[in-house]
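Let the sequences and hints guide you as you build the complete structure.
Residue-level listing of the chains:
Protein chains: 2
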Amino acid sequence: MSLSSEGLTLSAIKGVRLGAAGAGIKRSDRDDLLVIEAAEGSACAAVFTRNAFCAAPVIVAREHLAHRPRWLVINSGNANAGTGQRGLEDARRTCRALGQLTGARAEHVLPFSTGVIGEYLPLEKIESALPEALGALDEAGWARAARAIMTTDTRPKGASRIVEVAGVPVTVTGIAKGAGMIHPDMATMLAFIATDANVEQASLQACLSEAVDCSFNLITVDGDTSTNDACVLFATGAAGNAELNRQSAAFPLLAQAVREVCEELAEAIVRDGEGATKLMRIVVEEARNEVEARNVAKTIAHSPLVKTAFFASDPNWGRILAAVGRSGCADLDISGVSIWLGEVIIVEDGGRAASYTEEAGRAVMSEDEILIRVALGRGGAQQRVLTCDLSYDYVRINAEYRT
Amino acid sequence: MSLSSEGLTLSAIKGVRLGAAGAGIKRSDRDDLLVIEAAEGSACAAVFTRNAFCAAPVIVAREHLAHRPRWLVINSGNANAGTGQRGLEDARRTCRALGQLTGARAEHVLPFSTGVIGEYLPLEKIESALPEALGALDEAGWARAARAIMTTDTRPKGASRIVEVAGVPVTVTGIAKGAGMIHPDMATMLAFIATDANVEQASLQACLSEAVDCSFNLITVDGDTSTNDACVLFATGAAGNAELNRQSAAFPLLAQAVREVCEELAEAIVRDGEGATKLMRIVVEEARNEVEARNVAKTIAHSPLVKTAFFASDPNWGRILAAVGRSGCADLDISGVSIWLGEVIIVEDGGRAASYTEEAGRAVMSEDEILIRVALGRGGAQQRVLTCDLSYDYVRINAEYRT
Chain E
83 MSLSSEGLTL
93 SAIKGVRLGA
103 AGAGIKRSDR
113 DDLLVIEAAE
123 GSACAAVFTR
133 NAFCAAPVIV
143 AREHLAHRPR
153 WLVINSGNAN
163 AGTGQRGLED
173 ARRTCRALGQ
183 LTGARAEHVL
193 PFSTGVIGEY
203 LPLEKIESAL
213 PEALGALDEA
223 GWARAARAIM
233 TTDTRPKGAS
243 RIVEVAGVPV
253 TVTGIAKGAG
263 MIHPDMATML
273 AFIATDANVE
283 QASLQACLSE
293 AVDCSFNLIT
303 VDGDTSTNDA
313 CVLFATGAAG
323 NAELNRQSAA
333 FPLLAQAVRE
343 VCEELAEAIV
353 RDGEGATKLM
363 RIVVEEARNE
373 VEARNVAKTI
383 AHSPLVKTAF
393 FASDPNWGRI
403 LAAVGRSGCA
413 DLDISGVSIW
423 LGEVIIVEDG
433 GRAASYTEEA
443 GRAVMSEDEI
453 LIRVALGRGG
463 AQQRVLTCDL
473 SYDYVRINAE
483 YRT
Chain P
83 MSLSSEGLTL
93 SAIKGVRLGA
103 AGAGIKRSDR
113 DDLLVIEAAE
123 GSACAAVFTR
133 NAFCAAPVIV
143 AREHLAHRPR
153 WLVINSGNAN
163 AGTGQRGLED
173 ARRTCRALGQ
183 LTGARAEHVL
193 PFSTGVIGEY
203 LPLEKIESAL
213 PEALGALDEA
223 GWARAARAIM
233 TTDTRPKGAS
243 RIVEVAGVPV
253 TVTGIAKGAG
263 MIHPDMATML
273 AFIATDANVE
283 QASLQACLSE
293 AVDCSFNLIT
303 VDGDTSTNDA
313 CVLFATGAAG
323 NAELNRQSAA
333 FPLLAQAVRE
343 VCEELAEAIV
353 RDGEGATKLM
363 RIVVEEARNE
373 VEARNVAKTI
383 AHSPLVKTAF
393 FASDPNWGRI
403 LAAVGRSGCA
413 DLDISGVSIW
423 LGEVIIVEDG
433 GRAASYTEEA
443 GRAVMSEDEI
453 LIRVALGRGG
463 AQQRVLTCDL
473 SYDYVRINAE
483 YRT
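Going down the list, the sequences are from chains E and P. Add 82 to the 1-based position in the first sequence for the numbering used here, that's all there is to it. Add 82 to the 1-based position in the second sequence for the numbering used here, that's all there is to it.
Treat the hints as calculated values from the structure; they're not laboratory data.
List of simulated lysine to aspartate or glutamate pairs, DMTMM-like, C-alpha gap at most 20 Å: (1) E/K108 <-> P/E440; (2) E/K96 <-> E/E221; (3) P/K108 <-> E/D396.
Given below as structure tokens:
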């Protein structure tokens, strides 16, 4: 983890510039508007929330994705979700406003919003601040951009990787925001990633979808899938490598770099989950298949009883056992199930492990990062899910969110 | 609701006696052991948790149910769950101990436990207190019994109904405990119900299963299905009516009385959910089928973001909309969805209702009981789920549970 402090150091991507400004959407003392520009000829891939009540900008961004977009316009402080026809028109008008200032067509702009649901976008504020954001466009703008998209996040989140692809060094950098309403479903909260690699369009989309599936889709803060989740990956080609596609020998190297950036951002989102004081890595193995492993892991990760016990550093492992038991595994033979807290075995043969002591459990629970490992004893599949604990601050943040 | 105070008035059931005692299992200042005796010839129906890690007493009670049990022995303060072979032997030994004192065979005793998971039952304490509980056996023992089974409950829960069945007055009385780990799955937290009606065994089981399905199975406090859920219904026949079965003209009258007792107990459990300050009734209508309606209602009911907004009396209805959107309704046309908070329409045509004002929403949210109604606009099925809000006290109670 490189993200425990504000000192975010991110590698620039040739061909990608970022510019932030303060539009005063919810607060007047911070950046809340971000523009990202990718060079002419860049490929763009994206995944979006599957929430049926997806936000207006998600609908517009989906439409525009087919037009090889080069611009992103992102605001925090207002989600433009649950805003019906007027919300759609507001998202389109934001794209047109950016187009008028840059000469781009509206279809070349993807709009994104994050913040409170159900309020109309303050268009005048956004339009007034766009020139300042465009004036700030800079290849070195990643760290400031990571701050501009924050809502209840307490820390900016970003990650970079450099890999050599067919003799050419290629860079991947991404930023994300998270905090609450985090249980991504085939997408994530907002994340924006770019590489200077030269990648064929469909292969770039495959690369992103696979990376998201094993990173953002395996985290949860509160089990609530957002209306605004989106993740975008630009590839500018400025690195000068021969075009990569899924068949290229070097493609897995790039795919791995993208996946690592996504994993680092996903972990940073959980670490900074609303009110989070602990990171829990839940590994379920010996499952019949990955779906089963994921279901068991997510049932544990969503349990408010498990999450409050971790907040209290209380090795109340009975709550983990109860969550495994209700997770819907068909014909689960509990005598084959083993559960560990860190290196300490807590459950075997359907009950408390003979060697378990409360002291050993308490020692593991006092850590800031805790591994929970469940072996189901009925197959070879495994899955890992990250989550955080449930604290007083989660309740406070969400009770006071709109005040 | 008749249960807002400790002044619980419950009708006695001819043929059923209850006796409580303090065994000092977790605390020394309260009753925590309960014995219930049903008269010779009583029919007994029961439903149990589907949690695969079900507790030892649940396994033993399931075995004994076929032997026409007449005795229940219930302890609070320790769930005897996650205790493996030793837990099973402890549950059987408790049945034998009661049998030795009463002359009953062990198979005529159903054991129940509720409390902390993963600790062995303090058998000596229970065996020492059994004579006192037996000495206290009394047809008027219902209210004291309701207190003896409490864990983090703040109030005892009970309900009575009297109906005339084929010219004979018949009484139904039940008690329950709830508070946390409440998301019953084909059963409930502990509930014990009895009637003096004369009812054929299989019909009694059908009566109970149907009543549970439309009461306890439609509530949730925290989405966690307990390892120890159970609900038992005795029918003593002491009322003297001709034996009822499913074909009897009067059977629906008894079934309704049982269902009403279950509904009243279920509502009392939600009202006294851990840390609860508000009761939310979530009605989903115009669904394609009942399963879909129930899924949407439970997705709203489980959302920690919805629950914290209700705790704060904040009409943050975007969180309700987001929950509906992620609930997994196939091909949901959001333009057909309407959502009301009480009588105030908040969502129509895929967005905020034109007539909605923050003031109107805030007025509804300030109530202690709030109706959330969702019309999906795609069918005729409906379902109702009860839940409570998520407060600081939920976190406190569950962080401190074992201290």
